[in-house]
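**Q** Here is how the chains run, residue by residue.
Protein chains: 2
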Amino acid sequence: MKFKKDLYKLDSDNNFYKASEIVNEYKKANPNSNVISLGIGDVYFPISKYVAKEMNAAIKKQTTPDFIGYGNYFGIQELRKAIRDNEYKDFDIEEIYVSDGTKSDCGNILELLENDALIGIPSITYPIYKNTCFSLGRKFEIIKSDDNFIPLIPKKHFDCIILCSPNNPTGINYSKEVLKKWIDYAKKEDCLIIYDNVYFSFINDGVKSIYEIDGAKEVAIELRSFSKHVSFTGIRCSYFVIPNQLHKDINIYWRLRTVNRFNGASYIAQVGALASFNDKVKKEIDKNIKYYKDNASILKTSFIDLGYEVFGGNDAPYLWVKCKDGYNSFDMAMYFLNTYEIVIVPGSIFGKDGDNYFRISALGRREDILKAIERIRKHESKAN
Amino acid sequence: MKFKKDLYKLDSDNNFYKASEIVNEYKKANPNSNVISLGIGDVYFPISKYVAKEMNAAIKKQTTPDFIGYGNYFGIQELRKAIRDNEYKDFDIEEIYVSDGTKSDCGNILELLENDALIGIPSITYPIYKNTCFSLGRKFEIIKSDDNFIPLIPKKHFDCIILCSPNNPTGINYSKEVLKKWIDYAKKEDCLIIYDNVYFSFINDGVKSIYEIDGAKEVAIELRSFSKHVSFTGIRCSYFVIPNQLHKDINIYWRLRTVNRFNGASYIAQVGALASFNDKVKKEIDKNIKYYKDNASILKTSFIDLGYEVFGGNDAPYLWVKCKDGYNSFDMAMYFLNTYEIVIVPGSIFGKDGDNYFRISALGRREDILKAIERIRKHESKAN
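Protein chains in written order, with the numbering used here: chain A, 4 to 387; chain B, 4 to 387.
Mixed in with the good hints, there may be bad ones.
Since the list gives no way to pick one copy over another, a pair counts as held whenever it fits inside one copy or between any two copies.
Below, simulated BS3-like cross-link-like pairs (lysine-lysine); rule was C-alpha separation at most 27 Å, straight line [as the list claims (entries may be wrong)]:
#1 LYS64 <-> LYS290
#2 LYS64 <-> LYS283
#3 LYS63 <-> LYS285
#4 LYS92 <-> LYS290
#5 LYS5 <-> LYS158
#6 LYS142 <-> LYS8
#7 LYS285 <-> LYS296
#8 LYS296 <-> LYS52
#9 LYS64 <-> LYS285
#10 LYS179 <-> LYS325
#11 LYS5 <-> LYS52
#12 LYS190 <-> LYS5
#13 LYS184 <-> LYS385
#14 LYS142 <-> LYS7
#15 LYS159 <-> LYS8
#16 LYS8 <-> LYS190
#17 LYS63 <-> LYS290
#18 LYS327 <-> LYS381
#19 LYS63 <-> LYS52
#20 LYS159 <-> LYS147
#21 LYS7 <-> LYS191
#22 LYS296 <-> LYS64
#23 LYS251 <-> LYS147
None of these hints come from the bench; they were simulated from the model.
Could you put together the complete structure from these sequences and hints?
**A** In structure tokens form, the structure reads like this:
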């Protein structure tokens, strides 16, 4: 059969799943181990009790004749309005779409473009973009980054660029100046920017949304999610903005596409997402975000103190750390696992240029983070 | 920008959404109207109280430190096992995937195939297949059907065929003989069959799953959903089977693909789906299905009685009715709306060859169906 010949050939030995399998094997081989994960981006805090209460009410409604079935292809109207009112005041509700996750969205958005569109993907970034292009049979090329992990404006034409800011894995939030250059490039080259902004709630003082920059509405689609700040990693709800200014028919197109391709995010998840805009929940979220940020700050200080070179961690829950002693990133991860029983994410997962780095996450429990640091410290002092 | 030039050009004036807009316009123009829908496939019965209870418990769990986050890319293991044990005893759990809806699945599955794979779509079928191919830039051709709306085995090569049985819109369940011919064709041509089997719970005595036919495991992927029988149209949960026999690496491929493209169906929805396999719930479901089937039987008898030629309705919740007096299907739908205030679905939505037919659904409330029939009867007797 005409199955893809090279499906994931390139990445089958180097991805999150593979990395997590290595950890599982270690645990199996060492049943008395006490592994601490500074690895994948799952969150520590569970969902808010108020959000849960509203979801329970939504379920109750689904047991009555007034239950909600098909029809909310673009999201329930109240949720789209709440997103607009809280985060996108300059936009119409009709420019905002609710979906089931940014991982799906970053591939789905490509359905706006012709199949031979050339997509640019920064050299160190969330690996899903590249693998999504593989899976969809899309043409893509890697864009080099500078020494600060900022993707360099290409000298050639791209039809689409996928930017992630605050960046996964580097934890760096792109500045106004950087984004202005990208928007200028996009305008000049008639290039669509897909702006993955899922870590927006961790940003301190920098650019919170690409639409803060002049001209962005004419070139950019911004993606956000409820996964991190509302703890919806298992509940699944995301959203994105397609500005009318991109093209006169763009939202007519997208509505038609969506009606034909997607029956909407789960109604229960959407009601929960809506509840996250309640004032009391917003305060809880702020508290949780502060906790994660304090984690990041502790991790940053400690790893610097341990002699590591550390990037990010100010505007994102991720820190990007340079490997020591000439280790490559997979060997470094094995070293952390075997020596400290600590899980880190090898940088090579995020691109070849990430092979001298590893990612650690601040989304975990404080006690675990402190314990992890203590383990490394103890071992290092013994070694010296 | 390199936006698709022809996105939905062909179908922008002829789809479910457009049809529902016409109805909404009518209601607006006639605020005192009392429109009865025999239209889209939303279900009458709400979700089971037991399913709701289990979903509430799942939400409670999400408020605790033991909450479920990322990781169930292929579905929670208990649910995959329940599906296997109840419906796919001949398969491994690892051949079963849980997802968020068959509408998404029928497009996603195409990611197994090379981009230039030629896809065959029957001339009268669920329009989503065609529009999905459009949206994904996939090559497809229409396959003619015989006088009984059974797609004819093509004389040329296809890489993939999408079959829907029990069929939407015709309500016909393909026989063993028909399916055997398709499986033989698929084997001879090295062609993948995507078998949309979402109405399986409505089948009386015929083939319930394509895997009942010898050789099907070597050529077919079967799609099912919790939408209709568990009333999950708004809650979103579906599943499908990728047999190991299709290709030695097929499930390795698909796991890699899925980890990179999808973070799983909502955990809450999955717990609800799992609860639907409880014995008490199964009995409730049987009762609901019987109700819908009785609806179908009443509709069939009544429309025949009213002089219509009627197909389907035995193994599916849909009836496929020939338009009267040379009406085309959109005009017939307008006639039903303006004369009886009844919504039907014009057959042209399901393909050009459907233009002399319309679809009616048996998934609604008994009282509405009886009232609808009464309205037509009264008007016809007045007219005569």
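**Q** Take the hints in turn and mark each one as holding or not.
**A** Status of each hint after checking the structure:
| no. | hint | result |
| --- | --- | --- |
| 1 | LYS64 <-> LYS290 | between (31 Å within a copy, 21 Å between copies) |
| 2 | LYS64 <-> LYS283 | both (23 Å within a copy, 21 Å between copies) |
| 3 | LYS63 <-> LYS285 | both (25 Å within a copy, 20 Å between copies) |
| 4 | LYS92 <-> LYS290 | within (24 Å within a copy, 49 Å between copies) |
| 5 | LYS5 <-> LYS158 | between (36 Å within a copy, 18 Å between copies) |
| 6 | LYS142 <-> LYS8 | both (16 Å within a copy, 18 Å between copies) |
| 7 | LYS285 <-> LYS296 | within (16 Å within a copy, 48 Å between copies) |
| 8 | LYS296 <-> LYS52 | within (22 Å within a copy, 41 Å between copies) |
| 9 | LYS64 <-> LYS285 | both (25 Å within a copy, 21 Å between copies) |
| 10 | LYS179 <-> LYS325 | within (26 Å within a copy, 62 Å between copies) |
| 11 | LYS5 <-> LYS52 | neither (49 Å within a copy, 45 Å between copies) |
| 12 | LYS190 <-> LYS5 | between (39 Å within a copy, 13 Å between copies) |
| 13 | LYS184 <-> LYS385 | neither (49 Å within a copy, 73 Å between copies) |
| 14 | LYS142 <-> LYS7 | both (15 Å within a copy, 15 Å between copies) |
| 15 | LYS159 <-> LYS8 | between (29 Å within a copy, 23 Å between copies) |
| 16 | LYS8 <-> LYS190 | between (36 Å within a copy, 19 Å between copies) |
| 17 | LYS63 <-> LYS290 | between (30 Å within a copy, 21 Å between copies) |
| 18 | LYS327 <-> LYS381 | within (17 Å within a copy, 86 Å between copies) |
| 19 | LYS63 <-> LYS52 | both (16 Å within a copy, 8 Å between copies) |
| 20 | LYS159 <-> LYS147 | within (12 Å within a copy, 46 Å between copies) |
| 21 | LYS7 <-> LYS191 | between (35 Å within a copy, 19 Å between copies) |
| 22 | LYS296 <-> LYS64 | between (37 Å within a copy, 25 Å between copies) |
| 23 | LYS251 <-> LYS147 | neither (33 Å within a copy, 37 Å between copies) |
In the structure shown, a violation is registered for the earlier hints numbered 11, 13, 23, in ascending order.
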